[in-house]
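Colleague: Next come the chains, spelled out residue by residue.
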Amino acid sequence: MRAMPEAKHPDDDASGVQIDMISAERMDGKTTMEKIRTILDGVREGNIVILESGLTPDEESRLIEVTMTEISPDEFNGIEIETYPQSQADDSSLLGRLMGREETKKLTVIGPANQIETLHKDETLISALVSRK
Amino acid sequence: MGLLTNLKDSISRAASTLFSEEDPKRIGIYGPPNAGKTTLANRIARDWTGDAVGPESHVPHETRRARRKENVEIERDGKTVTIDIVDTPGVTTKVDYTEFLEHDMEKDDAVRRSREATEGVAEAMHWLREDVDGVIYVLDAAEDPFTQVNTMLIGIIESQDLPVLILANKIDLEEASVQRIRNAFPQHETTPLSALEGDNMDEVYDQIAEYFG
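Chain order of the listed sequences is A and B. Okay, so the first sequence: first residue is 1 according to our numbering, each after it adds one. Okay, so the second sequence: first residue is 1 according to our numbering, each after it adds one.
Warning: the hint list may mix true and false statements.
Here are the simulated SDA-like pairs of lysine to any residue, each with C-alpha atoms no more than 20 Å apart in a straight line [unchecked claim]: (1) A:121 / B:186; (2) A:121 / B:79; (3) A:121 / B:182; (4) B:79 / B:26; (5) A:106 / B:79.
Rather than coming from a laboratory, the hints here were simulated on the basis of the structure.
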């Protein structure tokens, strides 16, 4: 598996915000903790991480737990994470569950809590404001 | 044959009584910070046991440890439902100690509170994965329910096939909207209440007996 490239800021004053769009293929085959590290390492660098396929509910639960253990005053306040709510009465997810597969969520955006603010969210639209550090 | 059937019936009745007496279901009270989880836990505990579960406060993250109140016996229609109530810290994905400074707290106290709050959230998530048999999900009806924490937690609860009762709390507030919560989680029944005022608790107890009995 290829390593994530080092974060490169054009200037020392970090004039922009880096966005890492991670494909489903890249996350496939990673263990839960590897996925969480990929996300949190990026977010703690100040990057916005976008996952094509999102996380399972169990992975989300563990992401919250690991995030909590890494929060440190004046350094890391935690994450902001956004996904669309699961569509209701979804036959395919029921089928997936019957077949023993965990549901996979949709597109997911994760960023540092002090840099990303959700402006609006509903079933079909997520609007967020991203600021520099 | 009749004798055998009777014997089987009484064995299965005895087994189910034994099971329910030895193993009351642990019902976790979950939700975002400041939804009124401890107020509800105290209301239930006081109504049926006479004791409280923990201190209530308007300052977020007042509850920073999961607290269990065991063997709460709720009587409905001549039947008794016995549950353990687990009051859990409010779940969030971020904790910023500077928010506590706004509540007249010194920096040291605010930092300590934020550290305890993060431990509490991690603990709550652990209980949810491992140690609860059902969930009462409490929302502040005056707040927007379409938050990521609510979406994720309901998703986690559903993925574990735990029975979940959604409560729209704080209906005593003017800006409360129960319908907004119903719209956000149409796959679940939402019951309105004010845990603070004790409004609509009869229906809440009916629902607890139905969902977790």
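Colleague: So, for every hint listed, does it hold in this structure?
Modeller: Cross-check of the supplied hints:
Straight-line distance between C-alpha atoms of residue 121 of chain A and residue 186 of chain B comes to about 17 Å, which keeps the hinted pair within the 20 Å bound. For the proposed pair residue 121 of chain A and residue 79 of chain B, the alpha carbon gap of about 43 Å is over 20 Å, so the pair is violated. For the suggested pair residue 121 of chain A and residue 182 of chain B, the alpha carbons sit about 16 Å apart, so the restraint of at most 20 Å is met. A distance of roughly 18 Å separates the Cα atoms of residue 79 of chain B and residue 26 of chain B; the hinted pair therefore holds under the 20 Å criterion.
Annotation: proposed proximity of residue 106 of chain A to residue 79 of chain B is violated, straight-line Cα distance about 44 Å (limit 20 Å).
In terms of the numbered hints stated before, the structure departs from hints 2, 5, listed from lowest to highest.
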